[in-house]
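Participant: Each chain is listed here by its residues.
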Amino acid sequence: MADANNSVLVILPGIVIACTALLVFMADTFVGRRKEILPWIAAAGLVAAAAVAAAQWLDVDELGSLWDLVTGRGSAVFGGREGEAGFAGMVALDKFAFYCTLLFCVIGVLTIMLSDAYMKKRRDAMGEFYGLLLLVIAGMFGMAVSTDLIALFIAFELMSLPTYVLAGFLRGDVRSGEAAVKYFVNGAFSSAVLVFGLALLYAASGQTNYAGIAEAMSGLGADAESGLTVVALVFVAVGFGFKIAAVPFHGWAPDVYEGAPTPVTAFMSVGIKAGAFVGFLKLFTIAAVGLGDIWTAALTVLAVLTMVVGNALALPQRNLKRMLAYSSIAHAGYLLLGLIATGASLDSAGSSAVLFYLGAYTFMNIGAFGILVWIRNRRAFRYGLDEVAGLARTMPWTAIGMALFMVSLTGIPPLVGFWGKFYLFTAIVDAGMTWLAIVAVVMSAVSAYYYLRVVWYLYFREAPEGAEVVADDAGPALGSAVAVTLAALGVLALGLYPSPLISAAQGALRVLIGG
Amino acid sequence: MNPLDWWLLLAVLLFCIGAFGVLARRNTILVIMSLELMLNAVNIALVAVAQFRAGSAGAGVLFSLFVITVAAAEVTVGLGIVIANYRAKRTVQADRFDEMKG
Chain U
49 MADANNSVLV ILPGIVIACT ALLVFMADTF VGRRKEILPW IAAAGLVAAA AVAAAQWLDV
109 DELGSLWDLV TGRGSAVFGG REGEAGFAGM VALDKFAFYC TLLFCVIGVL TIMLSDAYMK
169 KRRDAMGEFY GLLLLVIAGM FGMAVSTDLI ALFIAFELMS LPTYVLAGFL RGDVRSGEAA
229 VKYFVNGAFS SAVLVFGLAL LYAASGQTNY AGIAEAMSGL GADAESGLTV VALVFVAVGF
289 GFKIAAVPFH GWAPDVYEGA PTPVTAFMSV GIKAGAFVGF LKLFTIAAVG LGDIWTAALT
349 VLAVLTMVVG NALALPQRNL KRMLAYSSIA HAGYLLLGLI ATGASLDSAG SSAVLFYLGA
409 YTFMNIGAFG ILVWIRNRRA FRYGLDEVAG LARTMPWTAI GMALFMVSLT GIPPLVGFWG
469 KFYLFTAIVD AGMTWLAIVA VVMSAVSAYY YLRVVWYLYF REAPEGAEVV ADDAGPALGS
529 AVAVTLAALG VLALGLYPSP LISAAQGALR VLIGG
Chain C
88 MNPLDWWLLL AVLLFCIGAF GVLARRNTIL VIMSLELMLN AVNIALVAVA QFRAGSAGAG
148 VLFSLFVITV AAAEVTVGLG IVIANYRAKR TVQADRFDEM KG
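Top to bottom, those sequences are chains U and C. Under our numbering, the first residue of the first sequence carries the number 49, and numbering increases by one thereafter. Under our numbering, the first residue of the second sequence carries the number 88, and numbering increases by one thereafter.
Same shape as in the complex, but just chain U (with noise of 0.2 Å):
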């Protein structure tokens, strides 16, 4: 077992991460007037903690499969130094971990520059902004490192505690206000019901560590597929569901996308999923990895009724944040195929896809959310689908990229939404699920309808009266506009080059499942 100092380095990076949030918050207590430090302080905190764990990556010399490090049979070797699973398994570092760590970082110092123009208007509140959003990354880093029913969940609250906060951040404001309270009531009682099956997996297998509780399901035999077993991964499935929006616990999304400020529903779309997807991913292939059948059966129920109503209800929003929401549920749906490719046939090509898949979709769509805040910030915008009509003309460049993200969305080559759908749907059929691999084909030719109507407007339809930009009071915000650029590039360059993408996201998962 670990030493206490492999136990801190294990988690290091989210040390950074939650120190940097404790520093920002002490800080705006103390720089007065001169707020704009803070974002700068935050993102130096991302950047210095994605630091840490690429040279954490870089210094691994050897690294057993995930499965020998939770046993205790393997170690991985930082230049020398010895570090696995720390804090007596509870958390093992793996270059999953690794992957997942970089991309959140990205998702944050994304999300911080984006709310460049948001948070011009509501200086006095930048301090709370940046701390709160740092605790929601150090959670979802907690999600992907925990190997452990405990660490799972503590890591899972500390990402939604502070998300509701965010929710309702524009106090005073009836709609964020509203979006808080349903995002809190929801999300408090799918904690409860996740917190209640994971109890009952504890009940089950006797263990609360993930690799106990496989060896312990394993050696009970057919014994392990009992109602409780059952019960616990439906549960589980169910806090799962509710927090990645699947449909049928869907019903909170489009309301609090809509009523939360804009920068907090593009970092909930991307980063709140992709810190939920990487837990589970781990609970579910590491812990009832031989409770396959149980759990992919539950998922692949959620993932049909996800893409299919997800899709379908997107179709008549004329709202451009409501329908993100809509196809963001979606996605979600896309996902889901991922992980129960991984189910069906043991093999990690399906989560590979879904780590590939959460990086694509995060340029995509924190780029589509970026445009409407870069659209308001530069005139009196609704988010209506009829105000972005001609703004081909009158925002050329803002027009380019609304349309190269919401033909990314669609899935259209050469275009980074394409490989996306790709290696999913590729790995769902390899897994012998050909069948829900046409309904998901199926439903993105659906969803061309919804993105690419957007574009129509864009570039087909007249500007209505007083659509002309207008200075906003603060300025333009360049952050927004450099965030937007970079997820832009990402789309592009990642589209036309995906492949180091690719490899990182199958090294990342070389380890996962290899006992």
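No lab work stands behind these hints, which were simulated from the structure alone. All residues carry an ideal CB built from backbone N, CA and C; glycine is no exception. There's no promise every hint is true.
What the hints assert, rightly or not - Incomplete in silico selection of chain U near chain C, CB under 8 Å:
(1) F201
(2) E205
(3) G216
(4) R223
(5) V233
(6) A247
Fit chain C to the supplied structure of chain U, relying on the hints for placement.
Facilitator: The following block gives chain C in isolation, referenced to the frame of chain U:
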């Protein structure tokens, strides 16, 4: 049935009462109380498993301590949100939060 099953049954019943409260109640304060009930049902299950199931002593008790702590944090955040909303809308009734639909 062995003792553990009875305790788990109690936990399930308590959990269902809490879940019903969350789904049926319109007053957000009562919703938060029902959430607490659900988490306490989890605690009963965890402690019972730690007590009665072989080979799992410490983890369940430890887990329940964390659940208690997290529940306290959750109520704090929840009540804060409810109070902020009460200042804006002068109500804690959940069905009055109906600005957004569709």
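Participant: Evaluate each hint against the coordinates.
Facilitator: Each hint tested on the structure:
no. : hint : verdict
1   : F201 : 7 Å, holds
2   : E205 : 5 Å, holds
3   : G216 : 6 Å, holds
4   : R223 : 5 Å, holds
5   : V233 : 6 Å, holds
6   : A247 : 4 Å, holds
Every hint, counting from the list given before, is met by this structure.
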